[in-house]
Amino acid sequence: MLNFILLIFIYIGIYAIAALGLNLIVGYTGLLSLCQAGFLAIGAYTTAVLMTTCHMGFWESMIISGFIASLFGILIGIPTLRLKGDYLAIATLGFGEIVRNVILNWDSVTKGPMGINGIPGPSIFGTTLSSMDKPAWIVIIWIFVAATYYFIRRIIRSRVGRALEAIREDEIAASSMGINTAKYKIGAFTTGAFLAGIAGSLFAAFNQSVAPLTFDFMMSIMILCMAVLGGLGNSFATIVGAVIIVLASELPRLMGISHIIPPQLNQILFGLILVLMMIYRPQGIIGRIKLNYAKIVKEEILDLEK
Amino acid sequence: MNLFNIPSNELLQHLINGLTLGAIYSLIALGYTMVYGILKFINFAHGEILMVGTYAGYYFYFFLYDPSKGAAYTIGIFVAALVIAMIASAILGVLIEKIAYKPLRKAPRLAPLLSAIGVSIILANLAAMFFGTKSKKFEYPFDNTSIDIAGSSITPNQIMILAVGLIMMAGLKLFVDRTRLGKAMRATSQNQPVAALMGINVNLIISLTFAIGSALAAVAGVLIALEYKVYPTMGTMAGLKAFIAAVVGGIGNISGAMLGGLILGLLETFGVVILGIPQGLKDTIAFSVLILILLLRPSGILMKNIREKV
Amino acid sequence: MPLLYTQNLRREFGGVIAVADVDIEIFKDSITGLIGPNGAGKTTLFNTITGLDFPTSGHVFFKGDDITELPAYKITRSGIARTFQNIRLFKEMTVFENVMIGRHFRGNNPKIVKNRFLNFILGRINVKKEEKDIYENSIKWLNFFNLIDLRDEYAKNLPYGKQRELEIARALATEPEILFLDEPAAGMNPQETDRLMNTIKRIRDLGVTVVLIEHDMKLVMNICDKIIVLNYGKKIAEGTPSQVQNNKDVIEAYLGKTDE
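Protein chains in written order, with my numbering: chain A, 215 to 520; chain B, 279 to 588; chain C, 189 to 448.
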């Protein structure tokens with residue numbers, strides 16, 4: 215039982231990292247992306263291939279995974295130069311499907327539908343972790359969650375965050391204020407993809423295996439639900455959203471009633487969350503936090519010099 | 279003529295297959311395009327509306343299907359099943375609009391899209407719960423032995439798909455261009471507030487749009503089901519592809535949806551034979567086409583490029 | 189040489205010619221009025237100059253450089269700012285933040301910010317210097333427009349006239365050499381319009397060249413050094429206010445053809 219709860223919090227952490235990245239794209243910049251699972255898949259597979267075929271260590275694989283995912287983030291970010299709203303969403307959905315298709319069919323590298331097994335655990339302080347070492351994993355993963363949270367907080371509270379907010383408010387006005395909107399949008403996409411790549415890498419190393427069917431459209435939706443449920447444009451709320459969504463989907467197993475609850479109920483729940491939240495509480499449970507940038511500058515920078 | 283060293287009879291064969299596939303895409307694409315024309319949003323649940331209608335038709339047909347009663351009876355219940363599928367989809371489409379989209383008409387653009395994604399997930403999973411995930415065979419109402427023409431073959435079902443597709447599309451075009459209601463629809467899509475001021479019942483027109491689009495999708499659903507069976511996620515990929523077709527033709531444009539469907543159907547069929555793209559990557563063709571067209575000509579083939587008004 | 193000029197600038201939408209081979213010249217430190225009946229192509233002309241729309245043919249030159257193909261943000265960075273006919277403020281951001289965004293790309297004036305992404309994360313000292321500059325400069329513009337007491341209000345909560353002023357403040361924060369105002373007096377009452385006239389003159393006195401689209405003839409005739417008249421996308425007249433007022437084509441464009 216305790217083991218299972220630990221497992222749940224490991225998954226919450228992994229998804230929270232990806233959801234925080236998505237929140238940067240959707241919540242702060244206002245671009246709807248439906249391919250976060252695609253970036254996770256890229257991260258997970260990069261780690262899997264590097265660690266099994268190339269016998270690389272986990273930590274360097276993870277960093278490479280993050281960068282490869284962000285490279286694809288740039289690739290999919292480029293259409294955002296021209297697309298908005300619904301079109302962008304569908305283009306990202308298409309991209310996610312392409313990733314999955316390629317992984318399924320590129321047998322020589324990804325082993326196709328079978329996936330990659332036998333990924334070695336990461337070594338830390340001279341010991342090699344396996345999926346069994348859950349307490350250690352929890353610590354590692356939640357350190358990453360904290361780091362991600364801090365990283366995004368730094369972005370958001372800086373001039374970059376201010377520009378992202380302006381772009382979300384009115385892109386045309388932002389561009390006529392001299393803001394290179396394309397650069398910022400691609401930047402948001404790339405950063406979000408990087409974080410998903412890291413999350414994917416952790417996912418692969420923790421499970422010690424990857425399979426293509428894991429990273430489907432529903433996973434993208436689940437991550438999106440986390441950001442929407444907590445409140446778009448609020449990192450803390452996103453983590454709360456991740457906790458609620460993962461707990462809710464594991465609740466039947468947690469209560470030992472998974473055999474009488476149809477598996478589809480879970481996904482119906484995600485669907486209901488999207489519809490009901492949009493109609494009754496579009497700002498999410500906690501809601502967006504509006505930063506006052508003038509105050510931030512005043513407090514953090516002006517007073518500092520005195 | 280001998281393109282890419284493919285024998286001409288094979289070329290014709292691929293052309294037939296591509297056009298049939300394209301006709302299906304076109305039928306579904308019409309629903310996306312009509313809704314987009316009026317509400318400026320993608321009805322993400324369109325594919326699932328198709329699926330539910332198809333199930334309705336399937337169960338009706340399944341319970342009454344009795345080969346011993348003769349060909350006329352079978353054809354009769356098939357036509358009735360088609361009509362029932364259309365009605366079921368139409369009602370569902372209208373209901374979904376009223377429940378999940380209407381409260382969001384004035385919300386930011388992300389809201390209705392997310393709501394639509396939610397509806398689509400709910401429907402697909404409810405179907406899996408109630409109808410089971412196993413696919414069900416929709417028996418042909420006629421002998422589907424293929425007919426030879428000029429060295430290639432065409433099945434009666436393919437003929438039916440082409441014929442039904444053509445009739446439906448022509449009918450819709452006539453309806454939109456020639457009737458009063460069609461004119462009201464066009465007016466509503468041009469400018470909703472002004473249309474309302476002119477005495478057009480905008481809510482009624484929106485419901486009608488959903489009803490027609492959903493009914494056409496149900497027709498496509500039944501036609502696909504004959505070939506590929508009925509299952510809960512049957513609408514998802516077909517819906518996505520059809521959406522791509524609508525974008526290719528120019529979303530919001532009815533002729534564009536028809537053209538886009540045919541183009542996509544042909545591209546998919548010929549992409550596999552000419553470019554040698556493996557069957558497993560067939561879906562990638564459509565998505566690549568989507569991303570390319572969005573980059574090169576985001577307003578589609580038949581639409582003028584429109585910039586946001588400043 | 190004029191500060192900014194266009195050469196045969198043309199913009200067609202489908203078959204409609206919104207701007208028909210227009211040549212205009214804007215001289216430094218002047219206030220130029222752009223007038224014409226509704227649909228004459230004034231806003232389209234503004235959009236093609238400021239990079240929010242691209243001309244079908246023709247060129248725009250600014251300080252001798254061809255800026256026709258530059259994207260909007262580069263045009264702004266080169267020293268051209270604008271406001272919008274239907275006010276486009278960042279509604280959910282504060283008055284102060286709106287002006288800060290205007291100054292976004294200028295760190296230590298007049299250099300354009302070259303800070304890399306990591307510097308923002310690490311909060312390096314030059315980032316802080318730039319933020320300080322942005323902050324102080326924004327205060328300067330808030331004071332110029334008497335908006336300092338409203339600094340923490342959301343832009344959407346300001347009265348209409350104040351919103352127009354804030355939009356001008358935001359545009360000026362980009363430190364432009366030339367400022368395009370699209371109907372700045374629209375929706376203002378006479379007192380506000382009078383104050384606006386005064387403000388525009390003060391802006392000119394700062395060394396900013398002003399071009400404005402306006403329907404308020406009192407304002408245009410009072411403060412403009414030169415007036416350009418557009419009708420059906422064509423330039424039909426230009427000159428001093430009195431020259432334009434007595435121009436037969438202009439009177440016809442506004443009042444319709446009169447029988448003689």
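Note that these hints are calculated values from the structure, not bench results.
Fair warning: this is a prediction, and the values are worked out from it, not measured in the lab.
From the three backbone atoms N, C-alpha and C, an ideal C-beta is built for every residue, glycine too.
Treat the hints with care, since some could be wrong.
[As the list claims (entries may be wrong)] Computed spacing ranges between beta-carbons, pair by pair: (1) Q379(C) <-> V472(B): 31 to 41 Å; (2) K380(B) <-> E440(C): 47 to 57 Å; (3) R387(B) <-> K406(C): 52 to 62 Å; (4) R387(B) <-> K389(C): 35 to 45 Å; (5) N196(C) <-> G554(B): 27 to 37 Å.
Comparing the hints with the structure gives:
no. : hint                            : in the structure
1   : Q379(C) <-> V472(B): 31 to 41 Å : holds, 35 Å
2   : K380(B) <-> E440(C): 47 to 57 Å : holds, 50 Å
3   : R387(B) <-> K406(C): 52 to 62 Å : violated, 41 Å
4   : R387(B) <-> K389(C): 35 to 45 Å : holds, 42 Å
5   : N196(C) <-> G554(B): 27 to 37 Å : violated, 50 Å
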